[in-house]
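Visitor: So the sequence lines, in the order shown, correspond to chains A and B. As numbered in this note's numbering, residues 1 to 351 make up the first sequence, in order. As numbered in this note's numbering, residues 1 to 612 make up the second sequence, in order.
Hints may be right or wrong, so weigh each one.
What the hints assert, rightly or not - Simulated pairs of lysine-lysine, DSSO-like, Cα-Cα distance not exceeding 30 Å: (1) K170(B) x K193(B); (2) K403(B) x K325(A); (3) K408(B) x K29(A); (4) K128(B) x K325(A); (5) K201(B) x K345(A); (6) K325(A) x K444(B).
As the list claims (entries may be wrong) - In silico negatives: residues of chain A with every beta carbon more than 10 Å from chain B: (7) D74; (8) T95; (9) A100; (10) N101; (11) G163; (12) A164; (13) S175; (14) F231; (15) H268; (16) D281; (17) C318; (18) K325; (19) L328.
To be verified - Not everything, but these chain B residues come out facing chain A in the computed CB check (under 8 Å): (20) L220; (21) L252; (22) D255; (23) G284; (24) A285; (25) I338; (26) P395; (27) A446; (28) T449; (29) Y467; (30) M471.
By construction, these hints were calculated from the structure, which means they are not laboratory data. Just so you know, even glycine gets a beta-carbon here, dropped at the ideal spot from N, CA and C.
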Amino acid sequence: MTYIVKPKLHHPKLKQNALGFTHRDYEGKVSTLCAGCGHDSISAALIQAFFELDLEPHRVAKLSGIGCSSKTPDYFLGQSHGFNSVHGRMPSVATGASLANRDLIYLGVSGDGDSASIGLGQLAHCLRRGVNMVYIVENNGVYGLTKGQFSATADKGSKSKKGAGNQDAPIDLVSLAIIMGATFVARSFSGDKQQLVHLIKAAIEHKGAAFIDCISPCVAFNNHPGSTKSFDYVREHNEAVNAIEFIESKAPIKADYEPGTVALVRQHDGTYLKLKKLHTDYDPTDKTAALAYLMAHQAKGEVVTGLLHVEPEAEDLCGRMNVAKAPLNSLNEAELCPGSSALAKINAELR
Amino acid sequence: MPARLERTNDFVVLFANVNGSGSASANRTFARSILRMGVPIGSRNIFPSNIQGLPTWYEVRVTEAGHRGRRGGTDLMVAMNPQTWDKDVAGIEPDGYLFYDSTKYLPPSKFRDDINVIGMPLTEICNKQYSDPRQRQLFKNIMYVGAISALLEIEPAVIEKLIGEQYQGKDKLIAPNVGAFHIGRDYALQNLKGALGLKVKRADKVGDKIFIEGNAAAALGCVYGGATVAAWYPITPSTSLAEAFARYSRRLRTDADGHNKYAVVQAEDELSAIGIVIGAAWNGARAFTATSGPGISLMQEFIGLAYFAEIPAVLFDVQRGGPSTGMPTRTQQSDILICAYASHGDTRHVLLFPCDPRECFEFAAKALDLADRLQTPIFVMSDLDIGMNEWLVPPLAWDDARKFDRGKVMKFAELEAGKDFGRYLDVDGDGIPYRTYPGTHPSKGAFFTRGTSRDRYARYSEEGPVYVDNMERLKKKFETAKKLIPAPVRTDAREATRFGVVHFGSTTCAMDEAIGDLENNGIRLNRLRLRAYPFTDEVIEFFRNHERVFLVEQNRDAQMRTLLLDTGLVDANKIISVLHYDGTPITAQFIVGEIGRRMQELGRISIRRVAS
Chain A
1 MTYIVKPKLH HPKLKQNALG FTHRDYEGKV STLCAGCGHD SISAALIQAF FELDLEPHRV
61 AKLSGIGCSS KTPDYFLGQS HGFNSVHGRM PSVATGASLA NRDLIYLGVS GDGDSASIGL
121 GQLAHCLRRG VNMVYIVENN GVYGLTKGQF SATADKGSKS KKGAGNQDAP IDLVSLAIIM
181 GATFVARSFS GDKQQLVHLI KAAIEHKGAA FIDCISPCVA FNNHPGSTKS FDYVREHNEA
241 VNAIEFIESK APIKADYEPG TVALVRQHDG TYLKLKKLHT DYDPTDKTAA LAYLMAHQAK
301 GEVVTGLLHV EPEAEDLCGR MNVAKAPLNS LNEAELCPGS SALAKINAEL R
Chain B
1 MPARLERTND FVVLFANVNG SGSASANRTF ARSILRMGVP IGSRNIFPSN IQGLPTWYEV
61 RVTEAGHRGR RGGTDLMVAM NPQTWDKDVA GIEPDGYLFY DSTKYLPPSK FRDDINVIGM
121 PLTEICNKQY SDPRQRQLFK NIMYVGAISA LLEIEPAVIE KLIGEQYQGK DKLIAPNVGA
181 FHIGRDYALQ NLKGALGLKV KRADKVGDKI FIEGNAAAAL GCVYGGATVA AWYPITPSTS
241 LAEAFARYSR RLRTDADGHN KYAVVQAEDE LSAIGIVIGA AWNGARAFTA TSGPGISLMQ
301 EFIGLAYFAE IPAVLFDVQR GGPSTGMPTR TQQSDILICA YASHGDTRHV LLFPCDPREC
361 FEFAAKALDL ADRLQTPIFV MSDLDIGMNE WLVPPLAWDD ARKFDRGKVM KFAELEAGKD
421 FGRYLDVDGD GIPYRTYPGT HPSKGAFFTR GTSRDRYARY SEEGPVYVDN MERLKKKFET
481 AKKLIPAPVR TDAREATRFG VVHFGSTTCA MDEAIGDLEN NGIRLNRLRL RAYPFTDEVI
541 EFFRNHERVF LVEQNRDAQM RTLLLDTGLV DANKIISVLH YDGTPITAQF IVGEIGRRMQ
601 ELGRISIRRV AS
C-alpha cells in the first residue's frame, strides 16, 4: 500500500497567514484512517492551530509511537520531520530530540494504548522532567489496529463492541499528568474543534510539558451504546470548565468582562491565555482543587474538558538543566572539544 | 619456621576490607605511592554488590616488568576483615606474609605454619589516639598504610605528598591524616623492623604513564569526541562512565555565560535512555548511553529501530557476569552475541573491543564518528575489569587538527540548489544514504522516520522488492564499515609458526604476559588482537594461514567463535577455544596452562614447565 499524493494545486485565493502560507502548506499526506475517525479531526485542528499561529511548518518536529494515533503525524505538516518510533516510547525520543535542538517546536502524538499501557512510565517521566513539548493523546479507549481490545483508559463497566464488559479501573490521564508535574494539562474532544484548536495553540506557546488528553472516538470499534468513549456519550457528558482563547498580544489586556467570569493568565513568554470561566469556582492554577474537581465529576460519569491545570511561569527541561542557548546540535569542534592542552592537564592529575 | 619470601618490585599485596569502612581511599594512596616510586602496578577491586558491610578486596600487583594482568596468588595479605579471615589466610602463598590487627587474641589454629605473621595492635593504637568512632575507623586505614609502607621501604615523603593532593581544598584533613600515617609508620619502624622480605625500590619504569579507569577514559573520549547528550540508567559496572562524563563536562564544557554545552539525563530505565539517545542523534546531536548486559537486553527494540531507520547511537556495554543479574560485580565478555545481533529480524551491529582505558578513550571518540558516518548503533564492548579498575596506560592523546566526522548530512544550501534528496537512496555506492536534520529547509528535505519498511525516498512500502532493496543496502553498508573500523593488531612470533592465538578486550593484558611465558616453554604463537566487528579480511586470513588457532574468551559459550563461524569463511576445526568465565579477570597463568595442555594433547610439544 502506498499513500495517495494530494495534488499540489490549490485555489489562488486561499487565505494566507502572516508567513504567506495557506492552510494547504500545513497539510500532510492523505489519511489512511477509517472514514469519520476522531483522529482525523485532531489532525485538522493541529493544522489550523499551526496555521493560525503563523509557525513555519519545518520548524516543528512531530514524534509518535505506534498505533492508529501514531500514524497521524504523516497526515499533517508535510514539511516537518516526523518520527514514528517504537510503541510507548515516543516520550524518550522527544526528550532526546528536544535536548539536541531547543529551538524547534516538539509535538508528540500518542494514543491511549501507547501512553496509558505500554508507555505509561515514559509518559510520566517525560511530564515530570518538563520536556518542552505538546503531548497529545488521541484517546479512544480501545486498540484500533489490533481490532477492538480494551485499552487502559476504558472505563470500568464500559462495553466492547462484542459486548464484553471492562473489569479494570481506568487510568485518568489528566489526573496523572497533573500529579506527575505537567505544567499545562487539558482535556478536549475531537468533536469540539473550536475548543481543541484553542487548547493546542495555548499548549504550543506554553514553555514546558503541555499535555492534552483528547477524547477521540473510534468509529470502527468503540462508538456503540455502552461505550463511554463514543461520540454520543462524550457529547452528552462533556463538562467544560472553561473556554480558552489564546492571545498573542504581549501587552496586558484590559479585561472588560463581568468580574469573575474571565481570567487572563500571563505565560512565560509574555503572551496571555484568556479563560472564559464556565464554572466560576474553577481555578486551573490550583492543582489540588483541580484534582478534587476531576475526581468528583468523574464519579458522576462526566467528562471534564478545558484547560484543567496551568503553571504559567513553568520552566522546561533545558532551562532546569541550564543547557546552552545555542542548539547543542549546532556546536562544532571548537565549542565542544577541550583540546590537547586540557588533556595534558588531566593526564598530569592522573599520575 | 617458614622461609621468607624475598622479593623486590615483584609481588602481590591483597587488602581484605569491609565495604564502606573507608579503606578504598587509603588503599589507593598506597597503590599510587608505588607508582610515584617509579614502579608499575596492576590494581584491581574485587567487590560485592553492596554499599556497606560485605567483604571487599583490593589487589596491588607490584611489577617492575610492567605486567598489567593479574598474577594470581597473594604474597602479602593485609587482613582487615574478620568475616573472610580463613579464606584470606588460606590464599597466601607459602613463605608469604600475613599482616593483621593483633589487638584481639587469636588462637594459633587461626594461622598457618608456612607463612610469616606480622601483627600490629591497630585498634588498640587507634582507640588510644582517637575518641570519635568514625575517626577510629578511618584513621586505622591510613595507619596500616603507614606501617606497611614503612616495611616495604616506600619513601614517606611520597605518601605525604599524595595525602596533600587527595585533600586539596579540604586542607584541615591533611594534618590528621599525615599524623595517622606517621603513627602507623613509627610503630612499624620501632616494633616490626625487618619483618617483611618484600621491598619497593625506586625505579624509572612508570615514565609519563597515567593511572586511570576505563570508564573515566571512555567518558573523556565522549567529551573529546563531541558528545552533547548522554542518557543512562544506573547499573554496575557502567555507572561511573556516565558520572565521569557529567563531571568532566562540568569542568570542560561550560560556555562563557555559564551554560552547559551538554545535557546528561538519568533516565527512568534503559529503554528511555536509549530512546533519548536516538531522539537526540536523529536531531543531529552526538549522543551515547552507558550500560551493562541487562540494559542491553532491555534496549533491544530501540536498537532495531536505530539499525533499520538508520539513526546514529553509541552504546557502551561495560560487561559483567551474566545471564540475568548474574554476577553484577564480576567481569565477563559475554554480551558479544546479544550486541552483534541486537533486536529482532535480520540485524548486525558494529562492535569495538577496547583492550585498556587508553583504547576506551580512543574508541569512544571513534565510535561517535562511526555512528555518524554509518548512521547506525555502535557498541563499545568494555568490561568491568577495564571499566572499574585503574590501569597504568600511556597518557591520553588528542590531535587538535582532528575534525569530527559528522557523516553524510545534506544542508540547506544543497537542498536549496535542488540536489536530489532520498533519505534511503544510495548515491555513493557505499550503502550509506544522506540524511537531513529536522528544521533544515522550509520546503525540502523533510522526511518521515519510521521503523516500518519504506522506499528510497522514505515513503512507506511493504512491497517485497522495495523491502529487499533496502535490506541489501543495509548489508552493503555493513561491508563499508569494514573499511572504517579499527584494524586488528597482528604480532608474529620471533620464529615462524603454524599456530596462532586470537584474543580481544581485557584479555590482552594477560596475553601480553602469557605470550612470553609460552615462548619460554617452546610454544610460539602468532597473535591477532581483534579490535572490531565486522571481521575484516585480515582476520579471515589469519585463520587461513594457521593450522590451529587458540581463541581466548571470557565467556562460557565461545561467543566470538560463533560470530567468526557465522562469516562462513573460518574453518571450525581450526579453532581451539580457551575459555575463562568465573568472573575474575583472566590471568597469564591460566592462559599458559590451558594452551600448554592443549598443545600437549595435540602432541605438538613436550612441556618443560607449564606456567610459573
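Visitor: Identify every previously stated hint that the structure contradicts and give their numbers, smallest first.
Guide: Those not satisfied are hints 1, 4, 7, 8, 9, 10, 17, 18, 19, 25, 29, 30.
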